[in-house]
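**Q** As a plain string of letters, each chain reads:
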Amino acid sequence: KQEVTQIPAALSVPEGENLVLNCSFTDSAIYNLQWFRQDPGKGLTSLLLIQSSQREQTSGRLNASLDKSSGRSTLYIAASQPGDSATYLCAAYAVDNAGNMLTFGGGTRLMVKP
Amino acid sequence: DVKVTQSSRYLVKRTGEKVFLECVQDMDHENMFWYRQDPGLGLRLIYFSYDVKMKEKGDIPEGYSVSREKKERFSLILESASTNQTSMYLCASIPLGSGGEQFFGPGTRLTVL
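Those sequence lines, one after another, are chains A and B.
In the working numbering, each residue's number is its place in the first sequence (first place is 1) plus 48.
In the working numbering, each residue's number is its place in the second sequence (first place is 1) plus 3.
Chain B extracted, bound-state conformation (with noise of 0.2 Å):
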């Protein structure tokens, strides 16, 4: 059963504060995604990742960062964390190729106070 795991379900921070948002596939996919969600503004890409080191910018990449170390796990970095960071963040992986079906992981929704 193929599965993406996120780190936390929950997570309260405060403003200023260094986050990081884990996300782990096990189904050796090659392509990794973050995106956050908000009322009325629908998934919006924030990065992406399709290989070992690499990563793209997705629609809204101002104030997070990325890293892919390992195949398996790609983490979202929000440096200083601000108030309107505030969301729901979606891990997901697809494999390589163009019929993928992606899968997403529980989702974080985090809190920056």
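So here's chain A without its partners, still in its complex pose (with noise of 0.2 Å):
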């Protein structure tokens, strides 16, 4: 059963910095990877999403890689600013036997300090 990790759980960097949030799964056979981002109290927001054929996204200050031989995606921010707060997600969606689809990560929650 594909297994999602999500490192560091709890991430505090001061405004301006550059970062990376790292994600990884147990089985490769995905069909595409997502990473959301969620404000307290709120639903999930879709941020970039790469098919298991790409191996990166960008959408502003905010780029995604896949790497499916190793298991692994990266989240790089750049510039993080305070309103780039929340809590980051990604989640490998894959067909398995149970027909499940979207397996998620803990997350990692992120605060950018003024």
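Simulated from the structure, these hints should not be mistaken for lab results.
Certain hints may be false.
Stated by the list, open to error - Here are the simulated lysine-lysine pairs, PhoX-like style, with alpha carbons at most 25 Å apart: (1) B/Lys58 x A/Lys49; (2) B/Lys21 x B/Lys73; (3) B/Lys60 x A/Lys49; (4) A/Lys116 x A/Lys161; (5) B/Lys60 x B/Lys73; (6) B/Lys74 x B/Lys58; (7) B/Lys56 x B/Lys21; (8) B/Lys21 x B/Lys58; (9) B/Lys58 x B/Lys6; (10) B/Lys6 x A/Lys90; (11) B/Lys60 x B/Lys21; (12) A/Lys90 x B/Lys16.
Fit chain to chain and form the complex, with the hints in mind.
**A** Right, here's the structure in full:
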């Protein structure tokens, strides 16, 4: 069964730093990997979707990479801002024997200090 | 602009009540999902549906049922609410095919007293 792990679980950085969030998955037979942002008490907002055939996706200050062979994805945030403070979740999409489709990591809680 | 809506942002119910959580998407997506999210446990899949009147159990279906009478609407039902069902409930939808992006609703914070 797919397992998704995110490291670190929490991160606090000063404003302006570039940072990397890590996501690892045990089963490389995925269709895609998606990064989400979640603000406290809110739903999930999709940030980036990387298809299995792609190696990276970029949106503004965000860049996500995918290395299926090693079971890893990273989310790079450039020039972090206080408004980036949130929990970041990665999710691997695959269909297994049970029919389950999306497996989430535990999330990384990010705090960017002014 | 894609949209997934949930009927309530906050809900307070009593033990033993029947609870309906509604989710509606306007993207004509085939697949819809219900998750619950709890501190330290992350997101866990309760049920999903890949077509009208079709449903599949997720990781934690006990104590829940679902209904999908129309493509755009996926309902989560707590037949007899219990305190351990106090949680954040998130609905999501995804189009048919392996490359689909999941879109989430704003969530319903359910408290069972």
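**Q** Given the hint that B/Lys58 pairs with A/Lys49, test it: the Cα-Cα distance must not exceed 25 Å.
**A** Roughly 21 Å separates the two Cα atoms, so the pair holds.
**Q** Does B/Lys60 pair with A/Lys49 here, judged by a C-alpha cut-off of 25 Å?
**A** The given pair, whose Cα atoms are some 16 Å apart, holds under the 25 Å limit.
**Q** Does A/Lys161 lie within 25 Å of A/Lys116 when you go C-alpha to C-alpha?
**A** Violated, at about 33 Å.
**Q** Sort out whether B/Lys73 lies within 25 Å of B/Lys21, counting only the CA atoms.
**A** holds (21 Å)
**Q** Is the straight-line distance between the alpha-carbon of B/Lys60 and that of B/Lys73 25 Å or less?
**A** Status holds; Cα separation ~19 Å.
**Q** Is it true that the CA of B/Lys56 sits at most 25 Å from the CA of B/Lys21?
**A** holds (21 Å)
**Q** Under the criterion that the straight-line Cα-Cα distance not exceed 25 Å, is the pair B/Lys21, B/Lys58 satisfied?
**A** holds (20 Å)
**Q** Is the hinted pair B/Lys60 and B/Lys21 satisfied, with a Cα-Cα distance of at most 25 Å?
**A** holds (20 Å)
**Q** Check whether the Cα positions of B/Lys58 and B/Lys6 lie no farther apart than 25 Å.
**A** Cα-Cα ~22 Å, so holds.
**Q** Given the hinted pair B/Lys6 and A/Lys90, is their Cα-Cα distance within 25 Å?
**A** holds (15 Å)
**Q** Straight-line Cα separation of A/Lys90 and B/Lys16 no greater than 25 Å?
**A** Roughly 20 Å separates the two Cα atoms, so the pair holds.
**Q** Given the proposed pairing of B/Lys74 with B/Lys58, does the C-alpha separation stay at or below 25 Å?
**A** The hint holds at about 12 Å.
Hint compliance for this structure: hint 4 alone is broken.
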